[in-house]
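Start from chain F and add chains V and E with the ligands according to the hints.
Chains as they are written, first to last, in the numbering used here: chain F, 23 to 261; chain V, 438 to 724; chain E, 108 to 444.
Source of the hints: derived by calculation from the structure; they are not laboratory data.
All clues given are correct.
Partner residues are not named here, just some residues of chain E that face chain V (Cβ under 8 Å, in silico): (1) Ala-162; (2) Val-170; (3) Tyr-223; (4) Val-230; (5) Leu-237; (6) Thr-394; (7) Leu-397; (8) Ser-402; (9) Ser-404; (10) Ile-405; (11) Ile-408; (12) Pro-412.
Covered by chain V, per the in silico footprint, the following chain F stretches (three or more residues, Cβ under 8 Å): (13) 70–82; (14) 97–103; (15) 114–120; (16) 123–137.
Heads up, the beta-carbon is just placed ideally off N, CA and C, and yes, glycines get one too.
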Amino acid sequence: MTSPTDAPLLSIEGLSVYYQQFRALHGIDIAVGPGEIVSIIGANGAGKSSLLKAIVAQVDRIEGRIRFAGEDIASRPTPAIVASGIALVPEGRRLFPSLTVEENLEIGRQIGRKGGGVGFAEIFDLFPVLRDKRRQPAGQLSGGQQQMVALGRALLTDPRLLLCDEISLGLAPTVVNDLYTLLLSINRRGIGVLLVEQDIRRSLAIASRFYCLLEGRISLAGRPGDFDRDTITRHYFGS
Amino acid sequence: MIATYANLIIQGILLGGLYAIFALGLSLSVGVMRFVNIAHGDFIVLVSFLLLTVATALHINVLLALLLVIPLTFAGGYLLQRVLLQRVIGQSVLLPLLVTFGLSIIVQNGLLEGFGADTHTLSAGSLDTSSLHIGSFYVGVLPVATFVLAVALVLGFDWLLYRSRIGANIRAVADDVAAADLIGLSSVRIYAIAMGIVGVTVAIAACFMGLRMNFDATSGPSRLLVAFEVVVLGGLGSLRGTLLGGIILGIAQTLGGQIDGAWQVLAGHLVFLVIFLLRPQGLLPRY
Amino acid sequence: MRRHQHLSIAGGRIVLAGAALGLAVAPSFLDAGGLTVLTEFLCLLVLALMWNLLAGYADIVTVGQHAFVGVGAYAFYGAVVLLGVDPYLAFAAAALMAFAVALPAMVIVFRLRAAYLAVGTWVVAEVLMLIAGKLPNFGFGSGVSLPVRVAREFGARPDVRFATIYWLAFALAAATFASTWLLLRSRIGLGLTAMRDNEEAAGATGVNLVRARIICFLWTAPFLGLAGAIITLQKLRISPPASFSIIDWTVFVIFNVVIGGIGSLEGPILGTALFFILREYLAQLGTWHLIILGSLSIVIILIEPGGLWGLLRRVLGGDLIPVSHRARPGFETNRKS
Ligand SMILES: Nc1ncnc2c1ncn2[C@@H]1O[C@H](COP(=O)(O)OP(=O)(O)OP(=O)(O)O)[C@@H](O)[C@H]1O
Ligand SMILES: [Mg+2]
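Isolated chain F, as found in the complex (with noise of 0.2 Å):
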C-alpha cells in the first residue's frame, strides 16, 4: 500500500462500523493527506456511506481510531467534528426542502468552522445559477442545482476535509462533468477531498489515491495508475 503523504489530514486505523448487530465494515486502514483526493470506491451495500458517516459520528457504533489533524474525534458529536473542519455533503443530497437555498446555504455557515473564511458570494460565484435561485424552496430546483446547494452548504462550513457521499448519482452527464471541475477547484485551495462513488472510471480519474471496498473490506488500495481496469473490476465486484 501507497504510504499518504508525510502528516495525514485523516487518519483512521481498525474502522469498525456497527448497526446494532450488523457489521458494516470490518477494522479498516484509510488515510487522506492535506489537500489530497481520495476515491472510495465500491458496489452497493460496500460500506462506503457508513465509512463517511462513521467519520462524521453518524452510526450506531464504531471500533477503531479515527484521527483528524492530529486530534483523536473518534468520540466527539457530529457538530463538534464539523466544527472542527470535516463537511459532509451527505447521499442524496439532504437538503430541507421547505428552506430557501439561501437559508440551506445559512446554516452551512452556522455549523462550520468559526471565522471561517469562504462567503456567500464565492459559492455564488462557484455557483452562478444558485444566485438567481437564493430566494426559492431548494426543494424546488433541479437535481443537479441541488447538489449545488449541497456542495455550497458543506464549503460555507469553511472545511479543510471534504465527504462527497455520490454526488454524481442521477446527474446528466455534462452536470457532473461541472462538478467535477468544481471539485478540482475546491481541492486547489488545499481542502482535501474523500470521494465516494459507484462510477469507476471518473473518480478514479481526479483522485491521487484510491480505496476499493468489497463487503466491508478494503479489497484493493493504492494509485489509480498502479492497476488495469481488470485488476480493478475484479476487486470490486469480488469475483
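Positioned in the frame of chain F, the structure of chains V and E with the ligands alone reads:
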C-alpha cells in the same frame, strides 16, 4: 338587540386573542417536534400559579412577575425537552403522548396538593377594571391589550420562524431531522430551544389567562382543548390561522355563554366539530 | 427455547389459569365487600383490555374512552327506567347505544392524524358529557339515582344482588377477553401487529389497515358501554361527572395498561391487578396516588415501553397468552441522540 350581539361578538373576538396565545406554543411543538403535548394546558395553569406566588411573595405587579418568570419557563421548556421528551420523540406518536399525559396528571395533582382546589385569578392593578369607550361600546382595556398582544405575538412568531436564524434552524429540523443531524446541526439542541420558546408562550398565556379568567388546579385540560381546537381550526402550522381559529372559538363561546356556563364550552366544541368536518385541513392551512 | 423457560412459561400460565378459576368461584367464598371490589376490578379490566386494543395494536391513542362508559350508563338508565325495558335487555341497549355513538365519533376521529387523534377523542368525550348534563330526564348536571325496584330485579337480598352483578361483570370480562384474543389472532390482528412492529411488513400481509383500525375502534364501544351499565348497576346512580369520569375510566386505565405493559394481553391484566393491590395503600394518599401512578408510568416508558410485562417477558422468555405465532420483537428503541 343588535347592539347586544355586536357587543358580544366584539367580546368574543377579544377572547379569541387569548385563545390564540394559548395555541401558539402548542402549534410550535406540533409543527416542529411532531407531538401533541397533552400537558400544555396544565403547564399554562402551573405557570399561572407560579406568577401568583411570585407576585404575592415579592409584592410586585404580575406583569413584572411575568418578566421574571419568562426566563424560568424558557429554561423549564428547554430542560423538559432535553431531559425527558427527547428520549421519547421520533419513535412513535404513542410514547410522547403517554409521557405528556403522565405529566399532565402529575402537574394537576401536584397543584391540588400545593394550592388546593380553590379558584384564583391574577390581578394587574387598575388594568383589571379600566375600560375604553368606543362608539356605543364599552370594552375592557385588558381584553383589548390581550388581543393586541396576540396579534403582536403572531407577527413576532412569524418573524422569528421565517426571518431569524434560529427560525431557519427550527424549520430545517422540522423538515428533516435526520438530515440535520447528519450535517452537524444538532436536532437535540434545536428541539430544546424550540421547547424553550414554547415555554415563553406558556408564560405569556398563563399571565393573561390568569388576568382574564378564573383558574384552579384542574383547569389545564380545558385550556388544552381550546388550544388544540384553535390549532386544528386555523390549519396546522399556520400562525395567522391560529388567530382566526382563536377568534372563531372566542365568538362561539361568548355567544354560547349567553345561555349558561355549560353551553359556553359546548358551543365552542360544537362549532369546532362542524368546521372541522367541513374543512379538516383547517381554515388557513400553510401547505 | 431453553427448558427452564418452557417451565416458567408453563408456571405463568398456571398462575393465570388459577386466577381465572379463582374469579370464577369467587362468589362462593367472598363477602359483599370483596365481591364489590372484584366487580370493579373486572370492569376496569374490560376498560384496560379495550384501551390496550386501540393504543397497543390499532394505533389509536384515545383519551376519550370514558365517553362510551358514560353513554352505556345513560343508555342503561334510559332503557330500564324511562322506557321500562327488562333490565337484562337494557344491557343490550347500553351496548347498542355505545356502538351507535361510536359511528359518528369515528367519522370525526379518523379524520385526525396520529397525534391529534388523542385530543380529538377527548373533545368528543367532552361534548358527550356536556350533552348528558343537558338531558332533562336524566337529572341534568347533577344526575339521578337508579330506583330501588331496578336494583331489586337483580336480587331481592343485597348479597344475592352483589353476586348477580359480579357474575355479569365476570361474563363481560370473559367475553371481552376471549373475543379480543380471537380478534388479535385473526388476520386483522395479525395485520395490526405487523403494522406496529414494522410498517413495511404490514403492507405485505394484505390487510386493509384503515379498515382494521376502524373495526377495532367500533369493536371497543359496546364492551365499554356494557361496562358502563354494570358500573351504574353497582353504583346505583348516573351523573355526568361520575359516569363520564375521565379519571376513573380513562386516566387510571391508561396508567394501568402502561405500567402493566401496552401492546400485549398480559400487560393490562397485570397492570389492573397491580392497581387494585396498590390501591389499598395508595388511595389514602389522595392526590399523591395519581402523582405516583403518573411518575411510575413515565419511568416505565423510559425504561421499558413494554411495561412490567415487557420486563417479565424477558425473564420468562415468551408470551403466556400467545397472540401471533411470530416472535414479537418488542418496541424498537432508538438510542441515538
Ligand atoms: N442504518 C442502518 N442500519 C442497519 N444497517 C445499515 C444501516 N445503514 C447501512 N446499513 C448496512 O450496512 C451495509 C453498508 O451500507 P452502506 O450504506 O454503507 O453501503 P454503500 O456502500 O454506501 O452502498 P450504496 O452504494 O448503495 O450507497 C449495507 O449492508 C447496509 O444494509
Ligand atoms: Mg452509500
